[in-house]
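Novice: Residue numbers (the UniProt record's numbering), protein chains in the order written: chain H, 1 to 388; chain R, 1 to 388; chain V, 1 to 388; chain D, 1 to 388.
Don't read these hints as lab results, they were simulated from the structure. Just so it is clear, the structure is predicted and the values come from calculations on it, not from any experiment. Every clue listed holds true.
Treat identical chains as interchangeable: a pair holds within one or across any two.
DSS-like cross-link-like pairs, simulated, lysine-lysine; straight-line CA separation at most 30 Å:
id, residue 1, residue 2
1, Lys281, Lys178
2, Lys281, Lys363
3, Lys178, Lys152
4, Lys152, Lys216
5, Lys12, Lys2
6, Lys177, Lys281
7, Lys152, Lys177
8, Lys152, Lys363
9, Lys143, Lys216
10, Lys355, Lys94
11, Lys12, Lys177
12, Lys142, Lys216
13, Lys355, Lys143
14, Lys281, Lys142
15, Lys94, Lys38
16, Lys178, Lys12
17, Lys281, Lys216
18, Lys2, Lys38
19, Lys2, Lys94
20, Lys143, Lys281
Number of protein chains: 4
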Amino acid sequence: MKEIQVGMIGYKFMGKAHSHAYRDLPMFFPDAPAPVMKAICGRDEQGVRQAAKQFGWEHAVTDWRELVNQADIDVVDINAPSDAHKEIAIAAAKAGKHLFCEKPLALTLSDAREMLAAAEAAGVKHMVGFNYRFAPAIRLAKKLIAEGRIGKIHHFRAAFLQDWLVDSAFPLVWRLKKEVAGSGSHGDLGAHLIDLSRYLVGEIDEVVGMSETFVKRRPLAESMAGLSAQGNTDGPMGDVTVDDATSFMARFANGALGSFEASRLAAGHRCTNAFEINGSKGSVRFDFERMNELEVYFTDDADDVQGFRRVLATDPAHDYMDAWWPPGHTIGFEHTFIHEVLELMEAIRDDRQPKPNFADGIKCQEVLEAVDVSIAERRWVAISELRQ
Amino acid sequence: MKEIQVGMIGYKFMGKAHSHAYRDLPMFFPDAPAPVMKAICGRDEQGVRQAAKQFGWEHAVTDWRELVNQADIDVVDINAPSDAHKEIAIAAAKAGKHLFCEKPLALTLSDAREMLAAAEAAGVKHMVGFNYRFAPAIRLAKKLIAEGRIGKIHHFRAAFLQDWLVDSAFPLVWRLKKEVAGSGSHGDLGAHLIDLSRYLVGEIDEVVGMSETFVKRRPLAESMAGLSAQGNTDGPMGDVTVDDATSFMARFANGALGSFEASRLAAGHRCTNAFEINGSKGSVRFDFERMNELEVYFTDDADDVQGFRRVLATDPAHDYMDAWWPPGHTIGFEHTFIHEVLELMEAIRDDRQPKPNFADGIKCQEVLEAVDVSIAERRWVAISELRQ
Amino acid sequence: MKEIQVGMIGYKFMGKAHSHAYRDLPMFFPDAPAPVMKAICGRDEQGVRQAAKQFGWEHAVTDWRELVNQADIDVVDINAPSDAHKEIAIAAAKAGKHLFCEKPLALTLSDAREMLAAAEAAGVKHMVGFNYRFAPAIRLAKKLIAEGRIGKIHHFRAAFLQDWLVDSAFPLVWRLKKEVAGSGSHGDLGAHLIDLSRYLVGEIDEVVGMSETFVKRRPLAESMAGLSAQGNTDGPMGDVTVDDATSFMARFANGALGSFEASRLAAGHRCTNAFEINGSKGSVRFDFERMNELEVYFTDDADDVQGFRRVLATDPAHDYMDAWWPPGHTIGFEHTFIHEVLELMEAIRDDRQPKPNFADGIKCQEVLEAVDVSIAERRWVAISELRQ
Amino acid sequence: MKEIQVGMIGYKFMGKAHSHAYRDLPMFFPDAPAPVMKAICGRDEQGVRQAAKQFGWEHAVTDWRELVNQADIDVVDINAPSDAHKEIAIAAAKAGKHLFCEKPLALTLSDAREMLAAAEAAGVKHMVGFNYRFAPAIRLAKKLIAEGRIGKIHHFRAAFLQDWLVDSAFPLVWRLKKEVAGSGSHGDLGAHLIDLSRYLVGEIDEVVGMSETFVKRRPLAESMAGLSAQGNTDGPMGDVTVDDATSFMARFANGALGSFEASRLAAGHRCTNAFEINGSKGSVRFDFERMNELEVYFTDDADDVQGFRRVLATDPAHDYMDAWWPPGHTIGFEHTFIHEVLELMEAIRDDRQPKPNFADGIKCQEVLEAVDVSIAERRWVAISELRQ
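Model the full assembly from the supplied sequences, consistent with the hints where possible.
Specialist: Right under this line is the structure:
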C-alpha cells in the first residue's frame with residue numbers, strides 16, 4: 001500500500017492543521033503510505049473552495065454525505081464542530097471508511113459509545129485526535145515511564161491554561177455556548193490532560209471536581225477568527241453557558257494521585273499545557289509552550305549533582321526527530337499532527353487499530369462526564385458508575 | 001522601648017532559625033527594639049547548654065515553667081514540638097508574657113482557640129510563625145494585589161513539595177507519627193500554603209480533599225538531624241500514621257478557585273513552596289527555591305511585549321531590602337525569620353497585635369481540619385461547619 | 001504575478017529546508033506569489049531523483065548548467081557546497097535568473113564581490129540565506145530597537161554554540177576541511193551572528209579575534225548524514241584544517257561594543273544561537289533553542305516590577321504569526337525558511353531587492369575576513385582595511 | 001586556639017558584610033576558632049561609633065595606626081578605600097598582624113607586590129577578599145572540575161553585569177573617579193571574574209581587551225548610600241574617568257579560551273555574575289542572581305536524557321551546607337563572607353596560608369593590568385610581560 005485516500009470534513013483551525021499534516025507527511029516520512037488529499041467538505045461553498053485551493057485538496061464539496069460515500073476515499077477525517085461528529089462518523093463507518101475524528105469524540109458518552117460500536121461493526125480503523133501524545137518530548141516521558149526509569153508513580157499534576165477570555169469584553173463566541181460546544185475549558189482543554197494522564201499514568205478510578213464561569217455575560221459576537229474575536233460592550237449581551245475553568249482531583253487505579261485544571265482566564269498563559277509526574281525513582285515535567293523540552297529528574301544521580309535536567313528532545317534518540325533537523329533545531333505545534341497522521345497511515349497499512357482510538361476517546365469522555373456529575377452532585381464519583 | 005527580653009523554648013531547626021533572627025535583627029534593623037536573648041529552654045540539659053552557648057542565649061534552663069515565670073522576660077518564643085504548644089502558651093499568657101508560637105499553633109482547632117482566648121484574657125501580644133509572609137518577593141505579591149494591579153482574583157494554585165520521603169528506606173521519624181506530629185505533609189507544608197492563600201487571596205469558604213500514605217511501613221528510626229536520618233531496612237519496621245501527601249480544592253469567599261497540594265514524595269523537589277495567582281488584570285507566581293524572585297504579568301502591557309517578568313525583589317522598592325545589600329544581592333531562607341521578628345518587636349513597641357497572630361493560626365487550623373473532615377467523609381466541607 | 005518558478009541546486013540539509021519552504025508557503029501565505037518547484041539539481045542521479053520525488057520537484061537534473069539555462073525558471077536557489085556558489089551564481093545571473101544563495105555567499109570576499117557585480121550587471125534580484133532574521137522573536141527585537149524602545153545600544157554579546165565535535169572520535173567530515181568548507185565554526189556559525197548583529201545593531205568598525213582547533217586530528221570519515229557521522233578511532237587519522245572555535249570582539253560604528261563566539265565543542269549546547277543587546281532604555285535577549293521567545297527589559301517599567309519579560313512571540317502583534325496558529329502555539333526551525341522565501345517572492349513581485357541580499361552577504365564576509373586577518377596578525381583590524 | 005581577635009578598618013558595604021560574617025560564624029561553625037570583634041576603625045568618629053554599636057564591635061577608633069598596633073588584635077581586616085590598602089597592610093604586617101584585605105589588593109601591581117613582600121617578611125597570614133569562591137555552587141563547580149568530571153576545559157566565558165549606571169543622570173560618585181577607585185567595572189567586577197577563572201580553570205597566558213565609557217560626563221554627586229545616589233542634571237557636571245565597561249579575551253595556559261566582560265550599563269542586570277565552562281566531558285554554568293544553583297551537563301549521560309541539570313547546591317553533599325538549613329532552603333550573598341571568614345579562621349588555627357591569599361590578589365592584578373596595557377597599546381599582551 002503506497003497511498004491512502006483521504007476526505008476531510010471541516011476546514012478551520014483543525015482542518016488547517018490536518019491538511020498541513022497530510023501535505024508534509026510524504027516529504028518527511030517517505031516510507032509511510034502517502035495520504036492523497038482527495039476531497040474537503042464545508043457548508044460554505046466559497047469558503048471550502050478557497051480552503052481546498054489553499055490547502056491542496058483535489059475537490060471541495062458542501063455535503064458531507066457525498067464525501068462520505070465517495071468511492072475513492074479510504075479515510076474520513078472529521079473535524080467539523082463537535083455536535084456533528086456522531087452522525088458523520090456513523091455514516092462513514094457504514095460506508096466502510098476508516099475514521100479519524102477530532103476530540104472530543106462526541107457531546108455525550110453515549111454518543112461516543114455508539115460511534116465506537118459503529119466502527120467496530122464496520123470493521124474499520126478509528127482514531128481520535130489527541131495530538132499532544134505525538135510531541136517527541138511527551139513520547140520521551142512515556143518511554144522513561146514504560147522502562148521503569150521513573151519508578152512507581154505517586155503524583156500527576158497538570159494544568160491547561162489559556163487567557164483569551166480574561167478580557168470581559170471578549171464576545172460570546174460559539175465556544176461559549178453549551179448547545180454547540182458541549183462544554184468550555186473542561187471538554188476543550190481538560191480532555192487533553194485526561195488523555196495525557198491515561199497515556200502516561202494509567203486509568204482513573206474516581207474524581208471530584210469544581211467549576212466556575214467567572215464572566216457570566218458577554219457581548220454578542222460579531223466575528224471570529226481562530227481564537228480572536230471582536231465584541232462591543234455597549235451592544236447586546238448574552239449568557240455564557242459553559243465553564244471558564246474546571247478543576248478536579250483524581251485517584252488512579254495504580255494508586256497515584258492526580259490534580260487537573262483547565263482555564264481560559266489564566267492571565268499570561270497563552271497555551272500552557274503543562275504536567276509533572278513524580279515517581280519513586282524520578283520525575284518528568286513538560287510545558288507545551290516549550291514543547292521541545294522535557295525536564296527529567298532521577299533519584300539515583302550522584303548525590304552532588306541531583307537536579308532536573310532540561311532535555312531538548314531533538315536528538316536522534318528521540319522519537320520522530322530523525323525525520324527532521326539536526327539536534328537543537330526545534331519543531332512546533334503543527335508537527336504533532338504530522339506524527340499523528342503518520343500513526344494513522346501506518347496503522348491502516350499494518351491493519352491494526354491506531355492509538356489513540358475511539359476506545360481512548362470514550363475513556364476520556366467517561367472522566368469528563370464523571371467530573372460533570374461530581375460538580376453537579378458535589379461528591380466523589382467513580383468512573384465505574386458511568387459504566388453501569 | 002529600646003530592648004525586649006526574650007525567652008525561647010525549643011532549640012532545634014526552628015530554635016536555630018529564631019535565635020539567628022534575634023541575633024541579626026539589631027545589626028540590620030537598628031531602629032527596631034532590640035531583642036535580648038535572655039533564656040533558652042530544652043529538656044536535654046547538655047543539649048540546651050550547648051545551644052545557649054552556640055546561639056548566644058544568656059541562660060539555659062530545662063523546665064519551661066521556670067522560663068515562663070522569669071520576671072525579666074517579656075516574650076516567650078515557643079518552638080517546642082507541636083503537642084506542647086498549648087500548655088506552654090496558656091501558662092505564659094497567664095504570666096503576662098507576649099507569645100510567639102511556631103506553626104501549627106496546636107494539634108487541634110479547639111486547643112488553638114483556647115490559646116487565643118488565654119492570650120486575649122491576658123491582654124498580651126500573640127504571633128504565629130508563618131515566616132514565608134516575610135519574604136520580600138511575597139510582600140511584593142501582596143502589594144500588587146492590594147493595589148489592585150492584578151485585578152479580581154480568579155485562580156490560586158499552590159504546591160509545597162519536598163522529596164525527603166521518596167526513599168522508602170527513610171526511617172520512621174517522629175514527624176511520621178500522628179500522636180506526636182498531628183499530621184504529615186498537610187499540617188507541616190499545607191499549613192504554609194493555606195496561610196499564604198489567606199494573606200494574598202482572602203478567606204476560604206469550602207474545601208474538598210484527598211490524602212495518601214504511599215509508603216505505609218518504614219524502618220524504625222535510629223537517629224535524626226534536621227530532616228536527615230538513617231534507617232535499617234533489615235531491622236524492625238513500624239507504621240507511618242500520617243499522610244505523605246494531601247491535596248485539596250477550595251472556593252474562596254471572593255469567588256476565586258484554589259488548588260493546594262502538599263507532598264514529601266515529590267522526587268526532585270527539595271523545597272518547592274510555589275504558588276501562582278491569576279487575576280483579571282495580571283498574574284504573579286513564586287517558588288521558594290528562587291525566593292528572591294517574583295514573576296509578574298500584566299494584561300495591560302503593550303501588546304507586542306506581553307510576558308511574565310522575572311522581578312528580582314532586591315531593589316529599594318521592595319520591602320526590607322534597604323536593610324540588606326545593593327540590588328541583585330540575594331538573601332536566603334533565614335531572612336524570613338529576621339523580618340518576622342522585626343514585626344514582633346515593632347508590634348510590641350507600638351502596642352498592636354502583630355500579623356500573623358493567633359487568630360490567623362486558628363483560621364489556618366480551621367481549613368486544615370475542614371480538609372481532614374472532607375477526606376474522612378468524602379465530601380465538600382464548609383469552613384463555617386467548624387464554627388458551629 | 002501569481003507564480004514564480006524555481007530551480008534549486010543542492011538537496012541535502014538546506015535543500016530540504018528550502019524545498020519545504022516552497023511547499024508550505026502557498027498554504028500559509030496565500031496572498032504571496034506561489035513558488036513553482038520546477039527543477040532540482042544534484043550530482044548523484046539516484047539521490048537527486050529520490051529528493052525530487054520526496055520533496056515535490058517536477059524534474060531532477062544532474063548538471064547545474066542545464067538548470068540555470070532552463071527557460072521556465074525565474075529563480076535559481078543555490079545551496080550547493082560553498083565552493084560552488086560563485087560559478088553557479090554568475091552563470092545564473094548571466095542567464096537572467098534571480099538568485100537565492102545560501103550563506104556563506106562565497107569562500108572569499110573577492111568572490112562574493114564578483115557575485116554581486118554579476119547580479120547587478122544582470123539586473124536580477126539577489127538574496128542570501130540568513131534565515132534567523134525571519135524568526136518572529138528576532139523580528140520583534142528588530143522592531144523594538146527600530147522604534148527606539150531599547151534606546152541607544154551599548155552592548156551586543158552573542159554566541160553560537162554547538163557540541164557535535166566534543167567527541168574526539170567524531171570523524172573528519174568535509175566540514176572540517178578548509179579546502180571544501182572555507183572555515184569551521186567561524187564561517188558556519190559566526191556568520192549568522194555577524195548578520196544578526198548588523199541587522200539589529202548596525203555596521204562593525206573593527207575587530208580582534210582568536211581561534212582554536214582543540215582536536216587537531218580525527219579519524220577519517222566513513223559516512224555522514226546531517227551533522228551525524230561515524231568514525232573509527234583505530235583506523236587512519238587526518239588533520240582538522242578549520243577552527244573548532246573562533247571568538248572576537250568588535251566595535252560598532254554607533255559606539256556599541258560587541259563580543260562574538262562560535263564553537264562546535266561547547267558540551268550541552270545542541271544549537272544555542274543566542275544574543276543579548278543592552279541599550280540605554282532596555283535590553284533584549286534571544287536563544288534559538290527557545291526560538292519563540294524574546295526576553296525584554298525596559299528601564300521605565302514601574303520601579304517595583306522591573307525585570308526581564310519572557311515574551312512568547314506567537315501573538316497577532318508579532319510578525320508572520322497571523323498566518324500560523326493561535327497565540328501560544330509555537331513554530332520551529334523550518335518556519336524561518338518559509339518566512340525567508342516569503343520575502344524572496346514578495347521582493348520579486350514588488351520589483352525590489354530582497355533583504356538580506358548579496359550586499360549583506362558581502363558585509364558579513366568582510367567581518368569574517370577581518371577576523372581572520374586579526375587572528376593571523378594578532379592585532380585589531382578595521383573593516384575599512386578590506387575595502388582598500 | 002579557641003578565639004582570634006579581629007580589628008577592622010572600614011565600615012561601609014564591605015565592613016558591614018565582614019562584621020556580619022564574624023558575628024554569625026560561631027553560631028553556624030562552632031568548631032572553628034571564634035572571631036572576637038575587638039575594634040573597628042573609620043575616619044568619621046560619629047559614623048564609626050554608630051557602626052561599632054550596630055555591628056557589635058567592642059571599640060571604635062578613628063586612627064588606623066592605633067588599631068594596627070593594638071596588642072590584643074591578631075588579624076587586621078582592611079576594607080577601607082582601595083587607595084589606603086597598601087599603607088595599612090604594610091604597617092599591620094610589620095606589627096605582626098595577620099592580614100585580611102578586600103579586593104582589589106592595591107591600585108597597582110607594584111603596590112600589591114610590596115604588600116605580599118611585607119606579609120612574607122613578617123611571617124603573617126594574608127588573605128584577599130574574593131568572596132564568590134565561597135558560594136557552595138561555585139565550590140561544586142570546582143569539585144567537578146578537580147575530579148575530572150568535566151574533562152579537559154575548552155571554554156570559559158564570563159560576564160559580570162550591573163545596571164546602576166544606565167541612567168545618565170546618576171551622579172559622579174567616587175567609584176567613577178580614577179584617582180580614588182583605580183578603575184571602573186574592570187577592577188571592581190572584572191577582578192572577580194579573573195579570580196574565578198583562575199580558581200576554576202587555571203592561569204591566563206595572554207589577553208586582548210577593549211573598554212568604553214558610554215556616559216562621559218555626569219552630574220556631581222550630592223550623596224551616596226550603597227550603590228544608590230542622587231544627582232541633579234541641571235547642576236554642575238564632571239568627567240567620568242573610569243571605564244563603564246571592559247571586555248577581554250584570553251588564552252589560558254592549559255589551552256582553554258576565555259572571554260570576560262564587565263559592565264555597569266547592562267540594563268536589567270542588577271548583579272549578574274555569570275560564567276560557563278565547557279569541557280570535553282561536560283559543562284557547568286552559574287549566575288550569581290541564582291547563587292544557590294549550578295547547572296551541570298555530562299556528555300556521558302544516557303543518550304535520551306542529556307541536558308543541563310539545575311542542581312540546587314543546598315544538599316549535605318555540598319560544601320558548607322550541613323551548617324545551614326535542610327536541603328532546598330537557600331542562602332544569600334552574605335553567606336559567602338561567612339565561609340570566607342571560616343577559611344581565614346581555620347587557616348590561622350592550622351598555621352597555613354588561607355586561600356585566596358595575596359599571591360592570588362597579585363595574579364589577578366597582573367591580568368587586570370595586562371588588559372589595561374592591551375587597551376592602551378591595542379595589542380595582545382602576555383601576562384609574562386608584567387613580570388619582567
